[in-house]
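Assemble the complex: chain L is given as a structure, and chains P, E and F with the ligands must be docked to it using the hints.
Chains as they are written, first to last, in our numbering: chain L, 1 to 499; chain P, 500 to 799; chain E, 800 to 1128; chain F, 1129 to 1457.
What the hints contain is simulated information worked out from the structure, not anything from laboratory work. Be careful, since some hints might not be right.
What the hints assert, rightly or not - In silico lysine to any residue, SDA-like type, Cα no more than 20 Å apart, as pairs:
#, chain 1, residue 1, chain 2, residue 2
1, P, K575, P, L771
2, P, K788, P, E777
3, F, K1451, L, M345
4, L, K375, E, A838
5, L, K375, L, A414
6, L, K108, L, I62
7, P, K556, E, T993
8, E, K1122, L, M345
9, P, K575, E, P848
10, E, K1122, L, A414
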Amino acid sequence: MTEPLVQMRGISKAYPGVVALRDVDFAIGRGEVRALLGKNGAGKSTLVKILAGVERPDEGSILMDGAPVSLRTPMDGIKAGIATVHQELSVVPELSIAENVFLGRWPKRGGGIDWRAMEREAHAALEVLGLDLDPRQPVARISVAQRQLVEIARALRQGARLLILDEPTSSLVAQEAETLIRVVRRLAEQGTSVIYISHRMDEIRRVAQSLTVMRDGRHIATTAVGDVTNRQIVEMLLGSTQAEGEVVRSAPAKRSPLLSIRGLEVAPRIQDASFEIRAGEVLGIAGVLGSGRTELLQAIAGLRTIDSGSMTLSGSDFRPASLRDARANGIFMTPEDRRGEGAVMMLGIDENLVMASWGSVSRGGVIDRAAMREKVTASIRALGIKLAHPSEPLGNLSGGNQQKVVIGKALNAAPRILLLDEPTRGVDIGAKRQIYQLMRKAAEEGLAVVFVSGEIEEFCEVCDRVLILRGGSITAEVEGEAIRTETLSELTTGEQGVH
Amino acid sequence: QELTIGALYLDAQGFYGGIKKGIEAGAGDSSVRLLGQNSQGDAAKEAQFASTLIASKVSAIIMSPVSATASVPVVKQASEAGIPVICYNTCVNDEDAKKYVKALVTTDQFKLGYDVGLVAGDYFKGKGIDKPRFGILNCDVYEACVQRKAGFKKAVEETVPGVEWAADQAGFEPGKSTETATTMLTGDTAINAMFATTDNGTIGAIQGIMASGRQGQAVVFGNDISVQLAQYLINAPETLIATNGQQPQQMGKDSVAMALKAIKGEAIDTYLTIVPTEMFLSSDPDKVKAWLEARPDGIP
Amino acid sequence: MAETRSELYQKFDLRHFLSGRANEIGLLAAILVLYAFLAVFASNFMTLPNQLNILRDAAFVGIIAWGMTLVLISGEIDISVGPHVAFAGVLLASLAQSGVPLPVAALVVVVLGALIGCFTGFLRAFFDVPSFIVTLALWLGLRGTAQVMSDAVPIVIMDFSFQRFGAGSLLGIPTPAIIMLVLFVAFSFVATRTVFGRSVYAVGGNAEAARLSAIPVARIRILVFAITGALAALTGILMASRLGSGNSGAASGLEFDIIAAVVVGGTSLFGGRGTMLGTLFGVIFIAALVNGLVLLGVDPFAQGIVRGVVILVAVMVNIISIKRMRGRM
Amino acid sequence: MAETRSELYQKFDLRHFLSGRANEIGLLAAILVLYAFLAVFASNFMTLPNQLNILRDAAFVGIIAWGMTLVLISGEIDISVGPHVAFAGVLLASLAQSGVPLPVAALVVVVLGALIGCFTGFLRAFFDVPSFIVTLALWLGLRGTAQVMSDAVPIVIMDFSFQRFGAGSLLGIPTPAIIMLVLFVAFSFVATRTVFGRSVYAVGGNAEAARLSAIPVARIRILVFAITGALAALTGILMASRLGSGNSGAASGLEFDIIAAVVVGGTSLFGGRGTMLGTLFGVIFIAALVNGLVLLGVDPFAQGIVRGVVILVAVMVNIISIKRMRGRM
Ligand SMILES: Nc1ncnc2c1ncn2[C@@H]1O[C@H](COP(=O)(O)OP(=O)(O)OP(=O)(O)O)[C@@H](O)[C@H]1O
Ligand SMILES: Nc1ncnc2c1ncn2[C@@H]1O[C@H](COP(=O)(O)OP(=O)(O)OP(=O)(O)O)[C@@H](O)[C@H]1O
Ligand SMILES: [Mg+2]
Ligand SMILES: [Mg+2]
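Excised from the complex, chain L in its bound form (with noise of 0.2 Å):
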């Protein structure tokens, strides 16, 4: 084999409290696409923030082609020809897409920036990962989802050596997904090496030829795709030979409905759109891209405007006008967007926890510290989340663990109906796994789960009924053992065989 692109060699990195890096060796070749797998807080983004410049390494040392390099900041990374795409979004959302997509490498001419050339150039990156939008406007104006790929547009501009690509998908659907997998096969075709880290089983083998596998912050082994099960991967990953989930579903009880939705209409996208949502019964709603499907659970959860369409709840009339309207009738949501609107990354953990909440952990205004502290305490054994100390910061915890504190906090909501806008986005396999049981076990408590995601597997894992949300309105229900991989995707994209 010819020399490998870039070596890692006995890379080690602490944070105060937490060891994330334990003397790592790592390379890969040129044209190698290698899957980097690991449970949330396994070192992931820590081994290739390394590579980036982004953090410095404690120990140990870096080759490219053979020499050693010194990678010090963001610009030696780039300079070395190393192009990332973090895992948290890194972009600027009072600039305009395209400038966004040029970020620090804006085009000149004459002195000034060439606008014109740019917002050609960076439509057209766009277009090739599947986007068609207008490049001048702002990028706090589109969805989390349309940000991600402008990040990956903006990875793929820089014609980079090494391209990592650190949880690329995780908000977005199987399209897309799959669009990017084509790009990164071209590339690498090309002779483009790419880090991809993704907790999506399904993607890797479609992706990678080899992967390496972590586990607390330690290299535990790296083959070729070929030579492994999945069943192997999930065992290295976890540490154990924690049995492979089965179908967590109950059996398909028929419950009252909680609320029923007639003939909703939220402007611009929903259009017609009649369901119910049951009692105990965990729900998902599948749909493409800007299908409509947080549009729909914001209107739900009083955060949007609904301009026609009826809603009983339990019976009776119901229409939120409020967010606290909502909340006081029970409904509670979950946002996609962790950083932004989910938690607040300053706060310890234990506050994120209880947040919306207060009143069960405080009485006249003033905090219960022991009853806070149970409930605090309850909820990070529940939920299996990474930690040094439950008051400091949430900022400090890996992605997985950070999502697992906003779904805690939900939960501590005590809700009748949950509703989770991509909870399982940037999840490891043996959390989500916590995470469907969570989902499960609320809903035998009684609890109605509305669940959005963006990969189709997962819904067969976990749900117990499916409403496809196509057009701004529902066009079909699959419940039981009708709720399939292949059926859904058809649904979803109204075509026949994706994969």
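Same frame as chain L, but now just chains P, E and F with the ligands:
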């Protein structure tokens, strides 16, 4: 045993630069330690600094109280702590001053305005103008300025009863007073005279006339004297007619002398020391030049 | 299981404790260094009367600073407090002058202060007017109102027992200082132990997340301004009592001193971060510095330079040591 | 297909154009209303001399405001500009007094101004000292230095041709106004068309994203302060020329007027958002308002109230109409 005197300056305008120099000179002559502080025209800050001086048991306090009423409590507090208080420039109201203040060294503020008012009145009478129209740059937030303005108005009204008081705006900060004067003069083209109650206001008035191109049509009467005003008296005699100057350095020195007397328990014969004012006229450039020569450092 | 559960919290973790309080520890060290220096070089600095005097001076900044800390933590700013103090004093004096009994007048002034704060918070919360703009308008308007009401001449308050309120002391401790310290305890409690206090942090840290968690963001915003308005009014009353009059020119630039003390105390101008203890240290540090410079006999014109340098050095050393401390753990 | 798509955004889109400029349109409307009112009620307001006068006054705020806009967009603040103006004037005058030719002295002052700005930016960028703290220290220190240098007594600059620089005019337009407008064009270009300008927005909008994209965040931060420092020095020279002296008490509170004008112009105190045109409108609006109130003969004490109310109403109406406009599109 070393004597310590606390000195409070009202703010950091040129006039208090002169006071400070006078006080420092006076203190230096008698090897007194000086604790100085700038009240910045704020009664609250003054109270804070005075309390600090009182708590550290200075031998005397020399101050220009910010207000005739609002400064009473600190003066009283000092007096009750057995620390003699000497007022300069301004003082608390007469009744309380009698009780708590040992001596007052000042310019007669009313007269400071009144005297230049007489000059102004005579100027217009001499020109046969019986309805001069005045714009005023005041510093009414300070009580001394209110008196200057009152004095000036009284004198002018006595000499030319037909006088018209047009605009009357605050103008005592460098720069801002120039802006206000320019606006006034462009806005009211009938104004043919300006009166300002401070050196910065007077400079602003002159510059306002220049900026609005009204040289020869409007004239300035002012208070205070400085190097720059002296320059204008010499170089722009048709614009700045007269300014009535105080003698801050003298005032400072006299205050220290009074303070030393009070500390030693000597009898102070006169509570009130009036430091004379000096009128500077553009028609008498020699006097202006002599004043300039006597002050190579430029401190009034 | 129950036991391991509480272990998550209960074992006292010194490193965690210290790293969470690095800012306060650094400030305390800065205060100690300053005190040591002044004790040696400024005669009379360490006397009891002077220390009490520092406390009294600190109160005129500190009382409002507690509210300002909440305002800044919530991601807002209130620059109207200086004129508000002047306005409150003038209003109190003119009410007293027209025969209203002082306690009633004081109550009116404080309630009105809270209402003015509500107004700011209301415009911020419901019309999205930046709080800098609303309080800028108040900054201009309240000083103007005070001047118009009093013609810029202090309005004397005749009641001598009232003067003792701001200038006097209780058990030897100046009344304003006592009020400041009592309020400090109250605000520390509010900031760390109440739902309202924690909600202020949440709103400042991420307003959107707070809203989606059903925290009443608008109400929080209104409340922080109302509290600060009431504290400004209270300070105005104390100041009127100290000066024996309502003075439209009083407290000029006070907003600035207060914000400076709060920021020196480690509160972020961008919201989400800050503690009452830090603010207390910031207030004390600056009050002791101002006092010490007078006693050192530093030339008044040069005092600004020294103050600037000392504040900068103290904050810099603190920031560097916080980083060190965090880095080591 | 490809063609229709590119047409989609290449052809001039009125709605897009307007919605991106809603703030400026609103401000322009506010200025027009103010002008209409003053034209009717304030005699001589609409005369050419008075309008030129407004422009001249505006320059003393505007020149620095261009730099301050960049500072605020980058998420920082610079409160030291007022004392910096005074310091620059005093330094210029004392250099001139000691025989340095004025052009050389002016150059020295501007270069030093930029260096002082670099110092601020440096401490911010490399030591994470909040820019509020660094510029607070400068605010105290620069005024103090100016006072010490001059003993608080204005230092006269004898050169009369120099006085024409600040007080005079070119083709009838006041020199400071010309400088302000030329700089406005330059800064508009910088802010919208240069890599540096866009980097300032990126740093203020999301510093972490900027860093990850290899934008030299530290250099940008240093530059915005250096520029503002140089502009403050330039304004100091103009002010000294206008006053005929270097005055340590000059420009008190100027930082406040400037930040107010920039914020009224729609720039966010939290960074990421703002335009030069908005700032220009903010500067003109406030300058015209101040001028108009003098011409209306409003009681000086009441002027603060009127200014506060007018600014608040203008900003509120603007914010509401921006929301409407955005909502409709
Ligand atoms: N800035 C930080 N401060 C403190 N701890 C950190 C910081 N960044 C990461 N960590 C910790 O380092 C460990 C590794 O985190 P890292 O982000 O590399 O995990 P990851 O494998 O990318 O996880 P995920 O799948 O959730 O993204 C975690 O325990 C995390 O809490
Ligand atoms: N023009 C816009 N301005 C502001 N927000 C927008 C705009 N368009 C979409 N969004 C936001 O983007 C999010 C996603 O939109 P939507 O609900 O239509 O898509 P979705 O089906 O949930 O798909 P996805 O979340 O995968 O993008 C929503 O939160 C919506 O508010
Ligand atoms: Mg990660
Ligand atoms: Mg969505």
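Verification of the hints:
1. With a C-alpha separation of about 19 Å, the suggested pairing of P/K575 with P/L771 holds against the 20 Å cut-off.
2. Proximity of P/K788 to P/E777 is assessed by CA-CA distance (about 14 Å); at most 20 Å being required, the pair is judged to hold.
3. Of the pairs offered as hints, the one joining F/K1451 and L/M345 is violated, with about 29 Å between alpha carbons and a cut-off of 20 Å exceeded.
4. Pair hint L/K375 plus E/A838 does not hold up; C-alpha atoms about 50 Å apart against a cutoff of 20 Å.
5. Restraint check: the Cα-Cα separation between L/K375 and L/A414 comes to about 12 Å, which is no more than 20 Å; the hinted pair holds.
6. Proximity of L/K108 to L/I62 is assessed by CA-CA distance (about 34 Å); at most 20 Å being required, the pair is judged violated.
7. Distance check on the hinted pair: P/K556 and E/T993 sit about 45 Å apart at the alpha-carbon level, beyond 20 Å; violated.
8. With a C-alpha separation of about 19 Å, the suggested pairing of E/K1122 with L/M345 holds against the 20 Å cut-off.
9. Restraint check for P/K575 and E/P848: the C-alpha separation of about 17 Å stays at or below 20 Å, so the hint holds.
10. Note on E/K1122 and L/A414: the hinted pairing is violated, with a Cα-Cα distance of about 40 Å set against a maximum of 20 Å.
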